[in-house]
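So the protein sequences, as listed, match chains A and B. All the letters of the first sequence, read from the start, carry residue numbers 1 to 343 under full-length UniProt numbering. All the letters of the second sequence, read from the start, carry residue numbers 1 to 307 under full-length UniProt numbering.
Derived by calculation from the structure, the hints in this document are not laboratory data. The model shown is predicted, which means the values in this text are computed figures rather than measured ones. For each residue, glycine too, the CB sits at the ideal point set by N, CA and C.
Which residues of chain A face chain B? A partial, calculated answer using Cβ under 7 Å: (1) R85; (2) R89; (3) M94; (4) F96; (5) T101; (6) L103; (7) Y106; (8) P116; (9) G147; (10) Y149.
This is what each chain is made of:
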Amino acid sequence: MSTHAPVARVNGLVKDFRIPGGRVLRAVDGVSFEVGRGETLGLVGESGSGKSTVARMLIRLDRPTAGSVEFEGADITALRGAALRRQVRRRMAMVFQSSSTSLNPYQRVGEVLAEPLRVHRVGEAGARGRAVETMMERVGLDPAFAGRYPRELSGGQRQRVGIARALMLDPSLIVADEPTASLDVSVQAQVVNLLQDLQRDLGLSYLFITHDLGLVRHLSHRVAVMYLGRLVEVGDTAQVFAEPAHPYAAMLVSMRRQAEHRILPAGEIPSPIDRPSGCVFRSRCPIAQARCERDVPPLVEIAPGRRAACHFPGELRPGGTDAPVHVPAAPPLVAPLTSQKGR
Amino acid sequence: MTTMAKTAGRTRAPRSRSRAAETARRAWSDASGRIAMVLLAVLVLAALLAPLLAPSDPAAQNLAAASRPPSWLGGEGGHLLGTDTLGRDVFSRLLYGLRLSMVVGVVTATASALFGLLLGLLAGYYESTAGMVLMRLADVQFAVPFVAVGVALAAVVGPGVVKLMIILAVWGWVNYARTIANSVSQVKRMEFVTAARTIGARTPAILLRHIAPSVLGPVIILWSTSAGVLVLVESALSMLGLGVQPPDFSLGSMLADSRTTLRLAWWATVFPGLAIMVVVVAFNLLGDALRDAFNPSVRTEHDPELW
Numbered sequence: 001m002s003t004h005a006p007v008a009r010v011n012g013l014v015k016d017f018r019i020p021g022g023r024v025l026r027a028v029d030g031v032s033f034e035v036g037r038g039e040t041l042g043l044v045g046e047s048g049s050g051k052s053t054v055a056r057m058l059i060r061l062d063r064p065t066a067g068s069v070e071f072e073g074a075d076i077t078a079l080r081g082a083a084l085r086r087q088v089r090r091r092m093a094m095v096f097q098s099s100s101t102s103l104n105p106y107q108r109v110g111e112v113l114a115e116p117l118r119v120h121r122v123g124e125a126g127a128r129g130r131a132v133e134t135m136m137e138r139v140g141l142d143p144a145f146a147g148r149y150p151r152e153l154s155g156g157q158r159q160r161v162g163i164a165r166a167l168m169l170d171p172s173l174i175v176a177d178e179p180t181a182s183l184d185v186s187v188q189a190q191v192v193n194l195l196q197d198l199q200r201d202l203g204l205s206y207l208f209i210t211h212d213l214g215l216v217r218h219l220s221h222r223v224a225v226m227y228l229g230r231l232v233e234v235g236d237t238a239q240v241f242a243e244p245a246h247p248y249a250a251m252l253v254s255m256r257r258q259a260e261h262r263i264l265p266a267g268e269i270p271s272p273i274d275r276p277s278g279c280v281f282r283s284r285c286p287i288a289q290a291r292c293e294r295d296v297p298p299l300v301e302i303a304p305g306r307r308a309a310c311h312f313p314g315e316l317r318p319g320g321t322d323a324p325v326h327v328p329a330a331p332p333l334v335a336p337l338t339s340q341k342g343r
Numbered sequence: 001m002t003t004m005a006k007t008a009g010r011t012r013a014p015r016s017r018s019r020a021a022e023t024a025r026r027a028w029s030d031a032s033g034r035i036a037m038v039l040l041a042v043l044v045l046a047a048l049l050a051p052l053l054a055p056s057d058p059a060a061q062n063l064a065a066a067s068r069p070p071s072w073l074g075g076e077g078g079h080l081l082g083t084d085t086l087g088r089d090v091f092s093r094l095l096y097g098l099r100l101s102m103v104v105g106v107v108t109a110t111a112s113a114l115f116g117l118l119l120g121l122l123a124g125y126y127e128s129t130a131g132m133v134l135m136r137l138a139d140v141q142f143a144v145p146f147v148a149v150g151v152a153l154a155a156v157v158g159p160g161v162v163k164l165m166i167i168l169a170v171w172g173w174v175n176y177a178r179t180i181a182n183s184v185s186q187v188k189r190m191e192f193v194t195a196a197r198t199i200g201a202r203t204p205a206i207l208l209r210h211i212a213p214s215v216l217g218p219v220i221i222l223w224s225t226s227a228g229v230l231v232l233v234e235s236a237l238s239m240l241g242l243g244v245q246p247p248d249f250s251l252g253s254m255l256a257d258s259r260t261t262l263r264l265a266w267w268a269t270v271f272p273g274l275a276i277m278v279v280v281v282a283f284n285l286l287g288d289a290l291r292d293a294f295n296p297s298v299r300t301e302h303d304p305e306l307w
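Put together the whole structure using the sequences plus the hints.
Written out as structure tokens, the structure reads:
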């Protein structure tokens, strides 16, 4: 994947949350990465690893405590008001995890989709209506659903509405926070295929957040692995899955291999309020040494395009081979086009 | 076959019933809701058409025909509800009094609902700042009896129905704000509100378009019950001489005028009293019916296939 000027870049992002008792929870600790044009960057990690917080900072829902966010060549870290709307809201969109809670229950589908256009004063009412219709067809929804409320749609149809809403303003980057997690497996495949088709046709970039390794392997060009607020490994998806450098990435990757090759982490994930000194992963790492307790391993380039934050990169290797990519079989798109919820 | 289904689906273009239409339909399907709507329709029509329906000028005095009983009790002069001690036709006065009472009830309830909705939205959205202040204020206000304040305020600004309406409308915010502030702070954390922010919607649009619809149910229910209460409160205060001033009159001030002559012409007191009761009951029944119509658990019972 050749990436010239990246569409977005985050630099040394830090996010602290104040918690009761005057203490501070560092949810994100010095995260840097970039998303290339037309690229899908998969951001993986357990829940609580800070991946959603990173996404919220990238799309400027949360303000970073430290660090910067660049988007389309401009520093958007401190934008507000009209500039924020013009440079970020107009150009970057988000697809949410739950299709049932991310749509206003009292808005008809047509209103949901017209809203981005209305907010940014794009076109006349008639033109907006036609744009909504076109977009609904584009994502495989019958335009007749424009008069329906979200609750009258299936989960997959609602998620298509969520995707269509994200596309209405023709964004360059879409932040997708576990967009398939709430869907049935067969519907998941449809949505994933739709996202891939849209990327191919519209040249979209995705920051795709998920904990589903199969999904990351299938659709992201590069993968970034987070653990307890830190980025531990970044690299080309195929390379990371073939030869993970960080022990945590090695463990994740080994989960996709035959049972005897799986490496299970020791113990539980530590509380983000009480993180280990040095390397955050050392308390669960099978190859941790004394040094890991002292020094924080920086995220350094270990091979062209590969970065890992480990004092001993590549020393923990899962056995076996990377399982072939599971391409989910999706039923054809015709069904949602003609399906009508019977009354 | 497939193509047929496709064209059929496209041409039918099913636009779902709006929430307002759906709620009205549910309220109508409820017995008490239907009674309330019919009663209110009659009351509103009677108030609106008072000039056409009233057999005589409500202010015209005729001391020669004073204190005549209702015609069906053998009263002379064909006065349906008799005449008061000044010889004014009670039925005509009832229609005009109803007019003012209904206006006070509906307008005041609407104004205080809007005011309370606004403050409740702000209190819930800015829960740690404006919300803190407003909710403490609400606590204080709750501890103060309204009649005491009403009497004191009326003494300061002077009596008058418009002043009274403003005081009542402002005073009424507490119930609305308290009821919805909590839901607002819950709804603002929902993903669809976040989604609205990511597409660039401004805070006022988020409050009105995305959060308000979710708390509108309780506001409308409260509106209905409080309209009835406000008719009653206005009557009470007018009876104390703080509300409507002569020559204007409401159902409440009719009671005030005639209560001293209850033994002489009871009909001049009893019928306005009954009218007040009917108005209050109608608004309360409507409130109950709307409560059921907005309440999802009852909703499934009524119409299981819709959800």
